[in-house]
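Student: Let the sequences and hints guide you as you build the complete structure.
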Amino acid sequence: MIRSFAPTDMDAVLGVWLNASIQAHDFITPDYWVARVGDMQEVYLPAAESYVYEENGQVLGFLSLVGPTLSALFVAPDRQGEGIGARLLQHAQHLRQELTLRVYAANARSIAFYEKHGFRRQVRQPDEHTGHEEWTMTWADPEAA
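Just so we're aligned: 56 in UniProt numbering is position 56 of the sequence shown, and the numbers increase by one with no gaps anywhere.
Treat the hints as calculated values from the structure; they're not laboratory data.
Be aware that one or more of the hints could be misleading.
Per label pair, the in silico range of CB-to-CB distance [to be verified]: (1) 37 x 68: 22 to 32 Å; (2) 123 x 56: 36 to 46 Å; (3) 8 x 126: 18 to 28 Å; (4) 123 x 47: 21 to 31 Å; (5) 69 x 126: 32 to 42 Å; (6) 129 x 23: 16 to 26 Å; (7) 55 x 123: 12 to 22 Å; (8) 11 x 141: 26 to 36 Å; (9) 30 x 144: 37 to 47 Å.
Here are the simulated SDA-like cross-link-like pairs (lysine to any residue), alpha carbons at most 20 Å apart as the crow flies [stated by the list, open to error]: (10) 116 x 129; (11) 116 x 94; (12) 116 x 131.
All C-beta atoms in this analysis are idealised placements derived from N, C-alpha and C, irrespective of residue type, glycine included.
Tutor: Shown next, in the form of structure tokens:
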């Protein structure tokens with residue numbers, strides 16, 4: 001089930017984010033992600049409109065939106081490939097007529113996932129925090145045009 005993020009979800013969401021970030025971004029040292037947990041907890045998550053995917057009381061994934069920006073979509077690594085990410089992304093697409101996101105260029109699996117769901121690559125630029133190349137990708141609801 002997808003529901004709005006609650007403050008009591010914070011630890012579970014941070015765990016999903018950290019584990020999935022380390023797994024998906026093996027080209028960045030795990031220490032980088034560990035050092036960003038505080039920012040996620042104190043800055044990014046409180047500033048976002050977030051939703052969690054929960055099953056049997058366990059948070060298995062989440063998404064965060066800041067306006068039209070999909071700022072986060074993460075699924076627990078041991079539950080990836082089960083359609084949880086697709087359901088979360090469809091939820092975001094239901095909430096917005098347009099979405100923009102950034103994804104590391106080296107993260108081919110995520111790029112393919114977003115393209116499968118109608119996103120298009122727009123601009124490639126270095127990430128301001130890591131220096132690694134990333135794509136800005138966009139999606140627009142075809143029925144809203």
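Student: So, for every hint listed, does it hold in this structure?
Tutor: Here's how the hints hold up against the structure:
no., hint, result
1, 37 x 68: 22 to 32 Å, "26 Å, holds"
2, 123 x 56: 36 to 46 Å, "41 Å, holds"
3, 8 x 126: 18 to 28 Å, "37 Å, violated"
4, 123 x 47: 21 to 31 Å, "23 Å, holds"
5, 69 x 126: 32 to 42 Å, "18 Å, violated"
6, 129 x 23: 16 to 26 Å, "19 Å, holds"
7, 55 x 123: 12 to 22 Å, "36 Å, violated"
8, 11 x 141: 26 to 36 Å, "34 Å, holds"
9, 30 x 144: 37 to 47 Å, "40 Å, holds"
10, 116 x 129, "27 Å, violated"
11, 116 x 94, "16 Å, holds"
12, 116 x 131, "27 Å, violated"
Against the hints set out earlier in the document, violations occur for numbers 3, 5, 7, 10 and 12.
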